[in-house]
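Participant: Read off the chains here:
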Amino acid sequence: MIIVLAFGHHLLPPWWLHTTAYGILMVFVAINTIMYGALSVAKVFPALHPTEWLPRKRRSETRSIYPDGEADQPPGGRHRAEHGDEHGDADGDAHRDEQAAQPAPEGDTQAGVD
Amino acid sequence: MTVAVTVAVTVAVTVAVTVAVSVAVSVVVRGRPRLNPVRGFQRLIGLVILGMTGLAAVLLWVGLSRTHTPHQRLHHGVVLGAWEVLYDTQAPSWPEVLIAIAVALLLAALVAILERRIATRYRRSENAGATPLSPKIVMAQTRGVFHGEVSVTVLVPAHNEQASLPATLASLQQQSVPPARIVVVADNCTDGTVQVARAAGCEVFETVDNVHKKAGGLNQALHWLLPGQGENDVVMVMDADTILDQGFLETAVRRFTGDRALMAVGGLFYGEPGHGLIGLFQRNEYARYSREIQRRRGRVYVLTGTASLFRPRALRTVAASRGRLIPGAEGEVYDTAALTEDNELTIALKSLGALMVSPAGCRVVTELMPTWRALWNQRLRWQRGALENVGAYGVTPQTLRYWAQQFGIGYGVFALSSYFLLLGLMILCNDGWVWFPFWLGLGTVFMVERVVTVWKAGWRARLLALTLFPELFFDLFLDAVFVKGVLDISLGRQAAWKHHNQSAGHELLEGAEA
Chain A
1 MIIVLAFGHH
11 LLPPWWLHTT
21 AYGILMVFVA
31 INTIMYGALS
41 VAKVFPALHP
51 TEWLPRKRRS
61 ETRSIYPDGE
71 ADQPPGGRHR
81 AEHGDEHGDA
91 DGDAHRDEQA
101 AQPAPEGDTQ
111 AGVD
Chain B
115 MTVAVTVAVT
125 VAVTVAVTVA
135 VSVAVSVVVR
145 GRPRLNPVRG
155 FQRLIGLVIL
165 GMTGLAAVLL
175 WVGLSRTHTP
185 HQRLHHGVVL
195 GAWEVLYDTQ
205 APSWPEVLIA
215 IAVALLLAAL
225 VAILERRIAT
235 RYRRSENAGA
245 TPLSPKIVMA
255 QTRGVFHGEV
265 SVTVLVPAHN
275 EQASLPATLA
285 SLQQQSVPPA
295 RIVVVADNCT
305 DGTVQVARAA
315 GCEVFETVDN
325 VHKKAGGLNQ
335 ALHWLLPGQG
345 ENDVVMVMDA
355 DTILDQGFLE
365 TAVRRFTGDR
375 ALMAVGGLFY
385 GEPGHGLIGL
395 FQRNEYARYS
405 REIQRRRGRV
415 YVLTGTASLF
425 RPRALRTVAA
435 SRGRLIPGAE
445 GEVYDTAALT
455 EDNELTIALK
465 SLGALMVSPA
475 GCRVVTELMP
485 TWRALWNQRL
495 RWQRGALENV
505 GAYGVTPQTL
515 RYWAQQFGIG
525 YGVFALSSYF
535 LLLGLMILCN
545 DGWVWFPFWL
555 GLGTVFMVER
565 VVTVWKAGWR
575 ARLLALTLFP
585 ELFFDLFLDA
595 VFVKGVLDIS
605 LGRQAAWKHH
615 NQSAGHELLE
625 GAEA
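Sequence lines, in order, name chains A and B. If you read the first sequence in my numbering, its first letter stands for residue 1, the second for the next number, and so on. If you read the second sequence in my numbering, its first letter stands for residue 115, the second for the next number, and so on.
Because the hints were derived from the structure by calculation, they are not lab data. Since this is a predicted model, take the numbers as computed values, not measurements. Check each hint, because a few of them may be wrong.
[What the hints assert, rightly or not] Distance condition first, Cα-Cα at most 20 Å in a straight line; then the derived DMTMM-like pairs of lysine to aspartate or glutamate: (1) Lys43/A - Glu386/B; (2) Lys570/B - Glu444/B; (3) Lys43/A - Glu399/B; (4) Lys570/B - Glu399/B; (5) Lys43/A - Glu585/B; (6) Lys570/B - Glu446/B; (7) Lys43/A - Asp589/B; (8) Lys570/B - Asp359/B; (9) Lys570/B - Glu585/B; (10) Lys43/A - Asp359/B.
[As the list claims (entries may be wrong)] Quick list of simulated restraints, FRET-style, between CB atoms: (11) Phe591/B - Trp15/A: 53 to 61 Å; (12) Asp68/A - Pro341/B: 42 to 50 Å; (13) Tyr66/A - Ala281/B: 29 to 37 Å; (14) Pro14/A - Val597/B: 25 to 33 Å; (15) Val291/B - His49/A: 53 to 61 Å; (16) Ala42/A - Trp547/B: 28 to 36 Å; (17) Leu39/A - Thr581/B: 32 to 40 Å; (18) Pro209/B - Trp16/A: 37 to 45 Å.
[As the list claims (entries may be wrong)] Some chain B residues flagged as far from chain A (calculated, every beta-carbon gap over 12 Å): (19) Gln276; (20) Pro293; (21) Gln309; (22) Arg312; (23) Gly388; (24) Leu391; (25) Ala443; (26) Gly445; (27) Trp490; (28) Arg495; (29) Trp496; (30) Leu542; (31) Trp573; (32) Phe591.
Every residue gets a Cβ at the ideal spot worked out from N, C-alpha and C, and that includes glycine.
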């Protein structure tokens with residue numbers, strides 16, 4: 001934030017405020033202030049996560065520690081909708097990349113894993 | 115040359131020079147033996163960051179000197195029919211405002227997009243040699259085998275912590291999903307830490323001839339513990355002055371159960387009550403950090419040393435990769451040369467492709483520094499540690515975010531000090547109140563942001579945020595710490611570990627590291 005008000009008793013010469021150096025300092029601070037202000041506004045509003053706007057696919061295999069577990073929905077999808085950030089996604093939209101067209105054959109290290 | 119062109123050229127030149135110099139320094143640092151990094155080169159890190167951000171400021175300054183320079187345009191006005199005011203209509207033109215906004219948002223978006231793309235690339239990696247902890251590789255190696263339920267073994271490194279330890283251990287034992295084992299790692303204790311731990315029913319591991327503080331003590335304990343840990347027997351490292359919120363372990367266990375590729379879960383910390391204004395400053399800071407992590411959907415900056423959990427596979431792989439893929443001595447989980455061992459371990463894990471998260475349900479209360487001196491020492495260690503960590507790793511995809519963070523802090527030093535210089539000149543050269551409507555409006559934006567970002571921390575936090583200037587001075591304090599850290603690194607000064615002894619209520623100089 002730049003100056004909103006100023007007060008003093010001429011402790012320094014007033015003509016300093018009319019020098020080129022002072023003018024440049026003012027513009028420098030102004031530019032910085034506007035840039036930080038823009039970032040502040042961005043922080044006030046909810047963060048945008050465009051990758052969450054599309055529906056997510058089911059995983060082709062479970063990622064849980066139980067080998068015979070059901071192929072679950074990535075936590076960033078269904079769970080987030082139900083529980084908000086509590087179940088925030090560990091690896092963001094990487095889960096989205098898990099292709100679920102076909103179940104992965106056992107031992108296939110390429111399919112279905114992010 | 116317009117202000118818009120000046121800003122654009124400044125950003126472009128600074129980014130180009132920064133990347134070039136950073137890569138050059140990185141090549142020099144990385145070309146040296148990892149086990150004994152050459153301090154002379156690592157000393158450059160702080161100067162590189164401060165120098166490049168200073169270059170940005172100077173370029174902008176020089177560029178602006180070629181543009182128009184605004185002068186005061188004072189007017190008299192009357193408010194509410196009686197109050198005569200002097201105001202200045204000076205304000206940047208709309209194109210200038212829009213360009214500045216665009217540059218700021220584009221830079222922020224660029225960093226976020228790059229970080230995202232890099233994280234995704236590491237997660238998709240199938241290169242077991244370079245990223246042995248990436249999800250694809252871990253999934254392949256654990257597919258089709260049940261390694262048992264998730265259990266938690268807690269290591270609590272403690273050095274003369276008899277005062278704070280009981281509350282820490284109680285918060286662990288009272289968890290809805292309690293840990294299987296609690297091991298207090300007693301490091302060179304001269305008080306009743308060991309007795310307190312045993313009285314609480316915990317195991318005690320006493321370090322032997324440890325001269326590397328917390329990291330050294332934990333390395334000894336992990337050497338003893340890790341061989342007996344199964345795939346899902348996760349290890350939690352928790353400070354002895356930290357208290358877990360209820361549900362912390364339940365959330366973490368659920369995460370590890372649901373995703374066998376997940377290598378680490380970090381806590382979100384908030385400050386203990388008390389300590390007056392200095393406590394409030396720190397609580398606001400931590401509240402904003404937690405909010406930021408939640409906005410990032412739990413994506414981790416730092417696996418906090420206050421409370422984080424790791425799969426044994428992650429810790430074993432880090433130990434095996436040191437000296438080869440990542441800095442440090444082979445066989446050691448923690449790099450004993452790092453001042454901030456938790457930050458270093460986070461970068462190590464990320465560099466190896468590990469998946470990690472800080473869920474909203476994993477909250478911890480941590481100790482606050484009660485005096486400015488203690489806070490200065492704590493932050494100096496954090497700042498130096500962060501700078502030295504990025505210096506040790508150089509410019510890599512996974513450290514890009516951390517470099518950007520340091521550049522952000524560095525530029526903030528110039529921006530904030532210029533602001534206060536301008537404010538001082540204006541106050542000392544004027545002989546009366548002068549209002550600036552444009553900047554008053556922008557100031558209101560800052561106030562809103564400050565208040566909104568600490569809203570959850572309560573009315574005291576909001577009130578402090580609303581006043582704006584106290585937190586600006588607190589930021590100035592942190593900037594001074596940054597500059598001191600850069601100078602210390604550059605001059606090769608010793609970095610001291612100063613331990614805040616809660617029971618004694620004062621700081622003890624615990625030792626020093628080069």
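Participant: Against this structure, judge whether each hint is valid.
Facilitator: Here's how the hints hold up against the structure:
For the proposed pair Lys43/A and Glu386/B, the alpha carbon gap of about 25 Å is over 20 Å, so the pair is violated. Of the pairs offered as hints, the one joining Lys570/B and Glu444/B is violated, with about 44 Å between alpha carbons and a cut-off of 20 Å exceeded. The straight-line distance between the Cα atoms of Lys43/A and Glu399/B is roughly 14 Å, inside the 20 Å bound, and the hint therefore holds. Of the supplied pair hints, the one linking Lys570/B and Glu399/B holds, its CA atoms being roughly 12 Å apart against a limit of 20 Å.
Distance check on the hinted pair: Lys43/A and Glu585/B sit about 17 Å apart at the alpha-carbon level, within 20 Å; holds. Taken as a hint, the Lys570/B and Glu446/B pair is broken in the structure, with Cα atoms around 40 Å apart against an allowance of 20 Å. Distance restraint check for Lys43/A and Asp589/B: the Cα-Cα separation of roughly 17 Å lies within the 20 Å cut-off, and the hinted pair is therefore satisfied. For the hint pairing Lys570/B with Asp359/B, the CA-to-CA distance comes to about 16 Å; that is within 20 Å, so the pair holds.
Under the criterion of a C-alpha separation no larger than 20 Å, the hint pairing Lys570/B with Glu585/B is consistent with the structure, at around 17 Å. Of the pairs offered as hints, the one joining Lys43/A and Asp359/B is violated, with about 27 Å between alpha carbons and a cut-off of 20 Å exceeded. The beta-carbon spacing between Phe591/B and Trp15/A, approximately 33 Å, falls outside the hinted interval of 53 to 61 Å. Against the hinted window of 42 to 50 Å, the Cβ-Cβ separation of Asp68/A and Pro341/B comes to about 29 Å, which falls outside the hint.
Against the hinted window of 29 to 37 Å, the Cβ-Cβ separation of Tyr66/A and Ala281/B comes to about 36 Å, which satisfies the hint. Our hint of 25 to 33 Å for Pro14/A and Val597/B holds, since their Cβ atoms are close to 32 Å apart. For the pair Val291/B and His49/A, the supplied restraint of 53 to 61 Å is violated, since their beta-carbon distance comes to about 29 Å. Taken as a hint, the range 28 to 36 Å holds for the pair Ala42/A and Trp547/B, whose Cβ atoms sit roughly 32 Å apart.
Take Leu39/A and Thr581/B: their Cβ atoms lie about 20 Å apart, and the range 32 to 40 Å is violated. Distance hint check: the CB atoms of Pro209/B and Trp16/A are about 28 Å apart, inconsistent with the given range 37 to 45 Å. Taking the minimum C-beta to C-beta distance to chain A, about 35 Å, the non-interface status of Gln276/B holds against the 12 Å cut. With a least CB separation of 18 Å from chain A, Pro293/B remains clear of the 12 Å interface cut-off, as annotated.
The claim that Gln309/B lies off the interface holds: its Cβ sits roughly 38 Å from the closest Cβ of chain A, which is beyond the 12 Å cut-off. A cut-off of 12 Å between C-beta atoms confirms that Arg312/B is not in contact with chain A; the least separation is 33 Å. Distance check on Gly388/B: its Cβ is at least 28 Å (rounded) from any Cβ of chain A, clearing the 12 Å threshold; non-interface status holds. The claim that Leu391/B lies off the interface holds: its Cβ sits roughly 21 Å from the closest Cβ of chain A, which is beyond the 12 Å cut-off.
The non-interface label for Ala443/B is consistent with chain A: the shortest C-beta to C-beta separation is roughly 30 Å, beyond 12 Å. Separation of Gly445/B from chain A is adequate, the least Cβ-Cβ distance of about 28 Å exceeding the 12 Å criterion. The Cβ of Trp490/B lies farther than 12 Å from every Cβ of chain A, with a closest approach of about 25 Å, so its non-interface assignment holds. For Arg495/B, the non-interface assignment is confirmed: its Cβ lies about 27 Å from the closest Cβ of chain A, beyond the 12 Å cut-off.
Listed as a non-interface residue, Trp496/B keeps its Cβ farther than 12 Å from every Cβ of chain A; the least gap is roughly 22 Å. For Leu542/B, the condition that its CB be more than 12 Å from all CB atoms of chain A is violated, with the nearest at approximately 4 Å. Residue-level check passed: Trp573/B sits 19 Å from the nearest beta carbon of chain A, beyond 12 Å. Chain A leaves Phe591/B outside its interface by the beta-carbon criterion, the shortest separation being 17 Å against a cut-off of 12 Å.
Of the numbered hints stated above, those contradicted by the structure are hints 1, 2, 6, 10, 11, 12, 15, 17, 18 and 30, listed in ascending order.
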